[in-house]
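Peer 1: Counting from 1, position 52 in the sequence shown corresponds to residue 52 in this note's numbering; the numbering is continuous, with no gaps.
Some hints could be false.
Unchecked claim - Here are the computed lysine-lysine pairs in the BS3-like style, where the Cα-Cα straight-line distance is at most 27 angstroms:
1. Lys-115 x Lys-185
2. Lys-76 x Lys-115
3. Lys-91 x Lys-35
4. Lys-185 x Lys-91
5. Lys-35 x Lys-76
6. Lys-91 x Lys-38
7. Lys-115 x Lys-38
8. Lys-91 x Lys-76
9. Lys-115 x Lys-35
10. Lys-76 x Lys-38
11. Lys-91 x Lys-115
Hints are computed from structural coordinates only; laboratory data are not their basis.
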Amino acid sequence: MRIGAHVDSTDPLAEAAARSADTVQFFLSDPQGWKAPKPREDAERLRAAEVDLYVHAPYVINVATLNNRIRIPSRKLLLGHANAAAAIGAKGLIVHGGHVNAGDDLAVGFDNWRKTFAYAADSGGFGVPVLIENTAGGDNACARRLDALARLWDAIGDHEVGFCLDTCHAYAGGEELLGLVDRVKAITGRIDLVHANNSKGGFNSGQDRHDNLGGGTIDPELVVAVIRAAGAPVVVETPGGVPGQAADIDFLRQQLGTESTAA
1 MRIGAHVDST DPLAEAAARS ADTVQFFLSD PQGWKAPKPR EDAERLRAAE VDLYVHAPYV
61 INVATLNNRI RIPSRKLLLG HANAAAAIGA KGLIVHGGHV NAGDDLAVGF DNWRKTFAYA
121 ADSGGFGVPV LIENTAGGDN ACARRLDALA RLWDAIGDHE VGFCLDTCHA YAGGEELLGL
181 VDRVKAITGR IDLVHANNSK GGFNSGQDRH DNLGGGTIDP ELVVAVIRAA GAPVVVETPG
241 GVPGQAADID FLRQQLGTES TAA
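Put together the whole structure using the sequences plus the hints.
Peer 2: Structure follows, in structure tokens:
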């Protein structure tokens, strides 16, 4: 099982080595900004690396919204990040499920997701798997609760789309972790990546506040159980820099009985 962490984007391979990580996730531009990613000078080195790479799309992207001033730039930015992720050999591009504003019809949000994949197809496709991630908060979210996720997958499941399961987001979003993998796979048919995070907020708090696996309000054994059931690569997005994340990676390897494949 490939286990790693979300790291600084300056030198992802050095960050991986510092954590003995098999995989790394990072941003290609400001996660709170709208600027398109620039070509990376280390693209060839990243493509040749034995470390698996994942790119996280900016948080500002919301292709579900009915607000044209956000939805249309979001589509363009998502496609730009997918192309940039493909250029470095990334195995997937993670993007949050998005939401509609209060009073708006959530069904339109799901259809906007469908239109996003149609838009990409007209431009030659995304070029890298797009992994939609469940979110922690919002009553109008497309991927917080499983009933909404089922409606989203009804709209886009025929496209080449994957799923990223975040344990903090699920717990804070009001979904019990016990048996969660089976319930998700009954909807999506797949889990492509697990974000293994504990939660500072309580169950159904709606708070997107990650904690290290040994801290927070989730029993760490439940996080391990999710990972074991999912059978997918794992990224910790936990605090504490190299020491904190390395400890979380070591904890998971001990619990799962796996060893690092990092060189």
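Peer 1: Against the earlier hints, flag every one the structure doesn't satisfy and list their numbers going up.
Peer 2: none
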